[in-house]
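Engineer: Letter by letter, the chains look like this.
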Amino acid sequence: MKPNFIQKVTNWGNYPIVEKEMKSDDSFRKIKEFIRDHNEVIARGNGRCYGDASLGEHIFSTKKLNKFISFDRLNGVIECESGVLLSDVLEISVPQGYFLYVTPGTKFVSVGGAIASDVHGKNHHAEGCFSEYVIEFKLMVENGEIITCSREENADKFWSAIGGMGLTGIILTAKFKLKNIESAYIRQESIKAENLDEIFRLFDESESWTYTVAWIDCLQKGKNIGRSILMRGEHAFQHELPQNLREKPLRLKKKFEPTVPFYFPGFVLNALTVKLFNLLYFNKQRKKEINNFTDYETFFYPLDAVHEWNRIYGKSGFIQYQMVIPKETGKEGMRKILETIAHSGNGSFLAVLKLFGRHNPEAYNSFPVEGYTLALDFKVNSKLKKLVDQLDQIVEEFGGRIYLTKDSMSRSSLTNYLRNTESSKFVSLQHKRILNNK
Amino acid sequence: MIVLGSTSEVAQAFVEEALNKGEKFEKIYLLTSNRETTERFARHIDVKFLQQAEVIELDLMKEIDYTRFEKISSGLLFCATGYLGEGTEEGLYDNKNTERIIDINYSKLVPVMNYFAHKFESRRSGTIIGLSSVAGDRGRQSNFIYGSAKAAFTAYLSGLRNYLFDKKVHVMTVKPGFMATKMTEGLPLNPKLTATPKQAAASIFAAYKKQKNVAYVLPIWGIIMMIIRNIPEFIFKKLKL
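Residue numbers (the working numbering), protein chains in the order written: chain A, 1 to 438; chain B, 1 to 241.
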């Protein structure tokens with residue numbers, strides 16, 4: 001049996017699927033050899049991005065770069081290899097009273113991936129992107145050399161790799177700051193909004209909250225368009241907690257985490273079931289407003305509780321469509337987007353609305369710009385391309401852009417905001433697609 | 001805890017599993033031929049568990065300086081040393097390959113195991129865990145050099161278990177079956193029969209706690225190997241396994 005590194009590789013959306021070479025190693029020398037011996041190399045972390053980002057001819061998986069290097073428990077600075085997952089970081093940092101400054105909606109992304117995508121979270125308006133808290137990282141560049149990148153050292157590489165989708169090299173290790181917390185709980189308020197006007201007003205009112213996000217029922221039409229639930233939260237102080245949580249505020253009980261055992265058949269998800277789900281979800285909350293305490297897992301990562309939930313979309317997979325529309329015309333743009341989706345009948349199980357704060361001009365490859373961002377899941381079917389095209393048209397009209405980390409079929413004019421990443425060595429299928437469609 | 005073959009992903013996962021489950025060790029001795037990678041692991045467990053570890057060089061293919069091991073003392077030894085080498089098609093008539101497989105999996109390993117077994121015998125307590133292989137349960141045409149070395153190692157562990165029994169030392173033989181590790185990377189393994197290092201570690205740790213004698217990592221392997229062992233030789237020799 002000779003090793004054969006060609007395998008089926010796909011990201012979280014199970015679309016597209018490619019058969020390419022994927023190799024993993026924890027030896028820097030071997031990684032160097034891999035880069036030297038191949039053209040068109042791309043790094044891949046835990047494969048939790050969507051679409052065709054991190055797919056390529058020769059994929060190097062950083063999964064085995066999974067060691068911690070240091071943890072300054074006094075100042076909350078952690079250093080680890082790039083394949084360490086955010087969940088691994090939380091596992092050791094939360095009991096010590098530290099949390100990630102910025103986290104996406106899943107904790108199963110690698111640190112390297114978080115930098116290459118410059119991920120954002122529910123606190124973008126208040127605390128920016130992941131990169132704000134990155135002190136330095138080590139990058140293996142085209143000739144196999146390992147360079148240290150920070151705001152002072154190799155600053156050009158530092159900023160081009162941030163949000164650079166792996167096109168500037170392989171991130172090997174990273175050092176970043178964590179934030180102090182007193183408890184593993186979030187003081188949360190959930191407020192129902194009947195329509196788009198109300199939810200936008202709520203977002204404006206919630207500006208002083210660190211975390212805000214809204215779930216939208218995207219199948220509503222007419223005056224109900226934008227029916228949603230806003231969730232806002234703050235890390236709870238120990239003294240705020242109810243008595244039963246106050247004794248061990250930084251420890252969470254282990255919960256049962258089910259796994260979706262197989263790919264659901266295609267007919268399970270359809271316009272009717274999505275509508276039903278949305279109806280139930282909206283009405284699960286009886287009162288207009290709920291104030292409570294919830295653990296950080298439930299608040300930040302509700303979907304992580306169900307392992308392999310991507311299988312509910314069936315074998316044909318799904319895409320995630322995330323766009324941002326600049327603030328001035330954001331509301332109008334969102335209304336148009338939601339109308340188009342409702343009209344198409346192609347509902348989304350998960351529709352998440354957020355307000356982005358200002359773009360960091362230094363992190364020029366980062367996706368977020370000030371405005372409204374909406375993320376939607378769509379099952380892949382024969383009608384999807386047409387819908388994406390219609391949505392792309394609206395996003396373009398309103399001067400918005402698409403998140404590369406989730407892109408797989410949008411028009412290239414919406415995703416070509418990347419700069420200074422041209423390389424003959426590091427090439428992804430996504431980047432090739434974007435260049436070819438220009 | 002003493003670890004032989006410290007760059008093994010299963011060994012590393014086992015160390016993490018034990019620490020996660022609250023086991024306490026005065027020190028973890030990581031014996032390895034690859035100092036660089038192992039030092040990264042030592043640092044990792046120091047950061048993650050505040051567990052002190054020491055890296056000690058051990059290359060079975062070189063002259064071994066036993067004085068380096070004198071200060072080592074622990075009640076648990078985990079041996080994950082192993083070398084797959086080339087299989088039959090590529091490697092059968094390559095003497096270097098054959099020797100290396102036999103040396104690392106058996107002939108050079110056993111004296112080192114004996115050295116530590118002696119320490120355990122003097123302590124009159126402790127557990128020795130040895131990773132053997134299902135390949136040692138019956139010789140098959142695809143990898144019987146490796147299989148025969150592992151068969152010898154299995155027999156060694158079984159004898160050692162017998163010998164140390166009344167000296168209050170327990171010996172556990174682990175037969176992992178397929179595992180998704182460096183050793184098997186790129187091989188077309190059936191995912192249902194393949195354990196990740198983490199799964200393997202959890203299963204080995206549970207077996208260790210139950211003081212099992214022989215443990216398969218995935219229970220299915222116990223059944224598969226029972227069938228394979230019981231196929232009559234006149235049929236078995238015709239099979240392409």
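Bear in mind the hints are in silico, worked out from the structure with no lab data behind them. Take these hints with a grain of salt, some might be off.
Which residues of chain A face chain B? A partial, calculated answer using Cβ under 10 Å [stated by the list, open to error]:
#: 1; residue: Phe-5
#: 2; residue: Ile-6
#: 3; residue: Val-9
#: 4; residue: Met-22
#: 5; residue: Arg-29
#: 6; residue: Lys-64
#: 7; residue: Leu-74
#: 8; residue: Gly-76
#: 9; residue: Asp-88
#: 10; residue: Tyr-101
#: 11; residue: Tyr-281
#: 12; residue: Phe-282
#: 13; residue: Lys-284
#: 14; residue: Arg-286
#: 15; residue: Val-427
Note that CB positions come from ideal geometry on N, CA and C, so glycine has one too.
Engineer: When the hints from earlier in the document are held up against this structure, which numbers fail?
Structural biologist: 3, 7, 8, 10, 11, 12, 13, 14 and 15
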